[in-house]
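Asks: Listed below are the residues making up each chain.
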Amino acid sequence: MAEIFTDEWAGAWCRAIQASDAYKSAAAGWDGAVAVVMSADPEYGVREERAVFLDLADGDCRGGRTAGTEELAAAVFVLQAPPAVWKRVLGREIEPIWGLMSGKIALAKGSISKLIPYTRAAKEMVEQAVGLEADFPPGWPREDDTP
Amino acid sequence: MTRIFQVTGPRGLDHDSPPMRLWHKAKQRGVWDPRSIDFSRDREDWLRLSDLERDVLLRLTSLFAAGEESVALDLLPLIQTIAAEGRLEEEMYLAAFLWEEAKHVELFRRFVDEVAEEASDLSRYHTPSYRRVFYEELPTALGRLRDDPSPEAQAAASVTYNMIVEGVLAETGYHGYHQILVRNELMPGMQQAVAYLKADEARHMAYGVFLLSRLVAEHGEPVWAAIEARMGELLAPALGVIEEVFEAYDEMPFGLTREDFSGFALTQFQRRSRRIELARGKSLEEIAGAPLDDDEAAA
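Chains as they are written, first to last, in our numbering: chain A, 1 to 147; chain B, 1001 to 1299.
Calculated from the structure, these hints are not laboratory results.
Cβ coordinates follow ideal geometry from the N, Cα and C atoms, glycine included.
One should not assume that every hint holds.
Unchecked claim - Within a straight-line C-alpha distance of at most 30 Å, the following computed BS3-like cross-link-like pairs (lysine-lysine) qualify: (1) A:K123 / A:K87; (2) A:K109 / A:K87; (3) B:K1198 / A:K114; (4) B:K1027 / B:K1198; (5) A:K24 / A:K114; (6) A:K87 / B:K1282.
Said to hold, decoys possible - If you want the footprint, here are the derived chain B segments under chain A, 3+ residues with CB under 8 Å: (7) 1225 to 1238; (8) 1256 to 1269.
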């Protein structure tokens, strides 16, 4: 099992997106890579910021990996949130679109108006991450001790 | 059960409470008459528009008109719930709230009859997302209060009505519509009417934010969880309503862009969501004594 926001996890996420018919139909016409950033929070065992990059185009995912400067520059949308928020998203406690609209997930790059036509695609994209079996950083709170 | 009247007791009316502040504003600023709007120049402007421009305005009018009818029809269960809890000040404001919704219905029908002179069935403009929100989610969420007036059900109803229908859709739609008219120097009667609508809606939103904040302060995390869940359910179809307007046209007239709607919607939505979330852990006294927010100031 891959740890979240690592190279291996990003690859698995991308393959899950590729295999999703729901994503394919929702994301037809979508052309733009996405970077997803988890900011550092030692209380969650995340000592440094982590970022992954999904090369998305017209209902397909052409590759997933960790994101460096180059990938962050290439991404059309950059979504950023602290581990506490990603934990809730991955635990299906908050819908990604609510996270974005409420500002819990920051749209660090890109325009919300360009995302609106693809809200269903964004939901399906996150749904594929939710469905992955994954490891969490040492120190990641369990369900009963979330700060 | 012996009825105890608040207004003849020592408590009287709390004129400083948020709903009474809105009530006093509504009496002064909400008294415009849809029949007094002068649509004569609007009709002249309408006749000069292209078919495409008329179709876009008729589409927006159809969405606004049915939306206003829907909120007028569906508000009563919330008023009954608030009244049953003995919240006199809130019920007084909600009486003005419902009266204003009825005037909005009248205004848009007047526009259809006297400016567009349109007799066909405009529900052809109601797209799948619109139908989900206005034909299903809104009546269901408000109707549920008849059998389940729990704080969680009230929160779900208020999120649906105030935050989604009025906040994301009506207020954003009126903002974009007003921009079209002002930017293109069109239909001065409707410009004036939409300015009135926006002020009315600002009061409605201020009440909605107050109601949700009060429910969160009073009942805590179960209500906040209900709010988050309802937002998660409805934001996608609400944004779908906006998107489906744009999908219907190859080219939008009036220089209308998605940004006219979405940027404004996002800013307003984030501000209100934060204010409601801040109610977690606050006392009822703190909610009642909170200073004017932007909505109340704009009302």
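Asks: What hint numbers does the structure not satisfy?
Replies: As far as the earlier hints go, not one is violated by this structure.
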